[in-house]
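Protein chains: 2
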Amino acid sequence: MGQQQGLGRVTQALTERLGAGRLITDPLARSTYECDGLANHKAVPGLVVLAESPDDIAVTVRECAREGVPFVARGSGTGLSGGALPHTDGVLIVTSRLREIVDIDVAAQRAVVQPGVINLQLTKAATPHGYYFAPDPSSQQVCSIGGNLAENSGGAHCLKYGFTVHHITGAQVVTPVGDVVDIGGKAPDPPGYDLLSMLVGSEGTLGVVTSITVKLTRLPQTVRCLLAGFPDTDSAGAATSAIIGSGCIPAAIEMMDTLAIEAAEAAVACNYPAGAGAVLVVELDGPAAQVEAQFAQVEAFCREHGAFELRVAADETERALIWRGRKSAFAAVGRISPDYLVQDGVIPRTALPEVLHAIAELGRERGVRVANVFHAGDGNLHPLVLFDGDVPGEEERAEEVSGAILDLCISHGGSITGEHGVGSDKAKYMPRMFSDADLDTMQMVRCAFDPDSISNPGKIFPTPRLCGERPGRHRGAHPLAQAGIAEVF
Amino acid sequence: MGQQQGLGRVTQALTERLGAGRLITDPLARSTYECDGLANHKAVPGLVVLAESPDDIAVTVRECAREGVPFVARGSGTGLSGGALPHTDGVLIVTSRLREIVDIDVAAQRAVVQPGVINLQLTKAATPHGYYFAPDPSSQQVCSIGGNLAENSGGAHCLKYGFTVHHITGAQVVTPVGDVVDIGGKAPDPPGYDLLSMLVGSEGTLGVVTSITVKLTRLPQTVRCLLAGFPDTDSAGAATSAIIGSGCIPAAIEMMDTLAIEAAEAAVACNYPAGAGAVLVVELDGPAAQVEAQFAQVEAFCREHGAFELRVAADETERALIWRGRKSAFAAVGRISPDYLVQDGVIPRTALPEVLHAIAELGRERGVRVANVFHAGDGNLHPLVLFDGDVPGEEERAEEVSGAILDLCISHGGSITGEHGVGSDKAKYMPRMFSDADLDTMQMVRCAFDPDSISNPGKIFPTPRLCGERPGRHRGAHPLAQAGIAEVF
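From first to last, the protein sequence lines are chains S and C. With the first letter of the first sequence counted as 1, position 34 gets the number 34 in full-length UniProt numbering; the numbers rise by one all the way through. With the first letter of the second sequence counted as 1, position 326 gets the number 326 in full-length UniProt numbering; the numbers rise by one all the way through.
Source of the hints: derived by calculation from the structure; they are not laboratory data. Treat the hints with caution; some may be incorrect.
Pairs count within a copy or across copies, as identical chains cannot be separated in the list.
Here are the computed lysine-lysine pairs in the DSSO-like style, where the Cα-Cα straight-line distance is at most 30 Å [unchecked claim]:
1. K124 / K186
2. K160 / K42
3. K186 / K327
4. K428 / K124
5. K160 / K186
6. K42 / K124
7. K186 / K428
8. K42 / K327
9. K215 / K42
10. K160 / K124
11. K215 / K160
12. K186 / K215
13. K42 / K186
Produce the entire structure from the sequences given, and follow the hints as far as they go.
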């Protein structure tokens, strides 16, 4: 009730300060923003602010801070973990109108962008200078760089080029108490604590970003792409290990299994090798001399490990065709199943065969089909768990399988998320990977930034920590002191 | 006095628990540890513990925490910023006996090492498997990986391969309250806040590391190295910019100016091109096909920008000869000057010519000679400021020039340290780069780990912050709220 009254006062103050044109108060219009790419978590925001300047964001956060009203930032709303799930009694700050590329500094290989700038828009702007923005989530045509920062997004090419965190050198952020601060800048690696790496991937819990300084990457001289058909995922996995083990780092190695191939065929007729139990898409980029030499090796490794068909893209059109099947795979699953869950987990690459068999076994046991599409090079799995929501019990079984897959990832030394983030979806899984003490330590850091827990509360952490507690001096009193983590002595 | 009594009790407890053989209490023997590589800051530690196991470290830290006695960790003591400067009333925890390489996991491309393992020792152990540890400070024959982690060390090859932080995926740390926790592991990029990036480079202020998981890098197929003589630093700088601007990322581009060349000649007779105003050492590594193609381009860029002599190393012996001059440069300066200060600052590469001229001008104005040896590729300067300590006023003038060089770095958008760290030496310069509020924010994070400020106190931060203060809700009360940082609205 207190928050509702606070929200009323925030709405009134923002109407005066920003003007009604930047606010959405109508319930039907607000409901457009009830979820992000994770459509099964929904909440209609109490107020939507369409920020048109960094100042709008600062003003909004300050009003929220004054009234203790929660706020959530949203870019394009393509996130897959519910990181931009709104609060019914809170404010949703939409950054889509903040689309200015402020600076492209070719000499320093940096760009400064507003948070609503679309990922691909930056690459298009940098291309005439011979550069691009390397992180490329599959949603790159619509996702925002602010969202990429919040979720530390990956993409097909992060095997070679790293995650978003490796491409951000500075950010301006409105902290949850309404201050505007700069962290980092154009230069790499400043002294003192590395707060920037912590900000990236903090999913909006440490504030709202108003400006982002990113690295630009030189466009490669050559790109070569091949599609290889294998009898099964084991042989495709063995080829992957052989390629990486040789010291070659391809720009991408993507794998799809039979069910995923079937879905892609149904949707885009990509004409992948008939009868394949798995396909690999391998892409190399870099100086022509290097790429040619390594490409021949990659072909040899594929054949050696059982590839029965190899197709090398002769030009950009053929390359696009190869990628079309892979990139359509998520949506394509809708062609073969009424509903599905997209999972995102990580395992050491060497555990691929074992984990894929265990996933198949899980599916058989529970009578649930699982399609696998994944970044094989870095062990980032995206199992698609199929179900029919109209059949009683199927959704629950699918969710059980999906959760069990995460347990498999953890027990093999991996992680509950590779690139989609924790958000509202996976907060409940965090205790499977971290002890209470680990999570408490992270939240102590959060308290330093957001003492009133109003900045995207309910995300990442399953149980909010009360701020203001001082860690004790002695063993056992400190939040880190739990046998569960690593009490090895 | 309280700390002295506390130290007495800590000494007694540790004598009982660890045995006298692991402690150094004799004043003369303790004085061996009075400084690290920064020889002009000295303090004899109150007690030295030669830890022989991770457990020894945990026990020591817990005794210190119980008594509120400060402790400092020390690896090989090669640090150049006084990060391992002891406390007279505190304990120095030496990790040199912790030299076990616990695991080399070739399939996962990871190694697990104890903190006292010597940087080059790991590379030697990994080489038979076709791998090495990429960070290579000039001190790599003696420096410890624990020290590399604490200072986030760089090296000649970090232009291409990144800093230590880019090669560490996990650490076990004894926190300042004595708990043992694991952060990260063999897998990259776990969910939640990135505490590992913050731990790396925190210079021992967040605890003592007992185990480190690092990435192993595949040995390159080919390494090519050349030495180019230029008329002056401007032309060598222009060649550097042309090489980087072409999209080629050499493993290293090192520059030395006339005075540095003169010193190296005096010391090791490296026979660098006669009459050169500057030399570049450029090294390329990677697949042979790529290296050959790019090497030809590098040669062309050097000639185009005025190189009057190019020497390409025909074999490992000639390559070693080229590097000998560069690697001896710091020590060699002792041949041409009784005393010198080693500075470490960073500027954007594009500002090289301007800053080098300004440094020369500074030297002329104050009558101080400055030799320049630096990582040209990433703008990491190491000016060597020469003086004679026996001439009254010379040391003070040298320190003024050295400090003024850091101001130049800051005003050109750079940093007060590239790879040597802040330590005790540069804590006083931190306010030139960060506002009080910035430093306060970092210290709030520190308080979460070290509420009693006993973990390497006096390093990094010029003014200790009292822990336990809660940031206020409203603007102005929050430590981040200072116009100085980035109050742009």
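How would you label the pair K160, K186 (within, between, both, or neither) given a Cα cut-off of 30 Å? both (22 Å within a copy, 18 Å between copies)
Treating 30 Å as the Cα threshold, decide for K160 and K42: within, between, both or neither. neither (35 Å within a copy, 45 Å between copies)
Copy assignment of K186 with K428, given that the CA separation must stay at most 30 Å: Between copies, since 23 Å is at most 30 Å while 37 Å is not.
Please sort K124 with K186 into within, between, both or neither, judging by C-alpha distance up to 30 Å. Classified as within; 21 Å inside a copy, 36 Å across copies.
Within, between, both or neither, where K42 and K186 count as close if Cα-Cα is 30 Å or less: neither (38 Å within a copy, 36 Å between copies)
Status of K327 relative to K186 across identical chains (alpha carbons, at most 30 Å): Only across copies: K186 and K327 sit 29 Å apart there, 33 Å inside one copy, limit 30 Å.
Could you place K42 and K327 in one of the four classes (within, between, both, neither) given a Cα distance threshold of 30 Å? Classified as within; 26 Å inside a copy, 61 Å across copies.
Could you place K42 and K124 in one of the four classes (within, between, both, neither) given a Cα distance threshold of 30 Å? Close neither inside one copy (33 Å) nor across copies (55 Å); limit 30 Å.
Copy assignment of K215 with K42, given that the CA separation must stay at most 30 Å: Result: close neither inside a copy nor across copies, 35 Å intra and 41 Å inter.
Treating 30 Å as the Cα threshold, decide for K215 and K160: within, between, both or neither. both (15 Å within a copy, 14 Å between copies)
Can you tell me if K428 and K124 fall within 30 Å by alpha carbon in one copy, between copies, both or neither? Answer is neither: 39 Å inside a copy and 44 Å across each miss the 30 Å cutoff.
Treating 30 Å as the Cα threshold, decide for K160 and K124: within, between, both or neither. So K160 and K124 pass the 30 Å test inside a copy (21 Å) and across (26 Å) alike.
Of the numbered hints listed earlier, those contradicted by the structure are 2, 4, 6, 9, 13.
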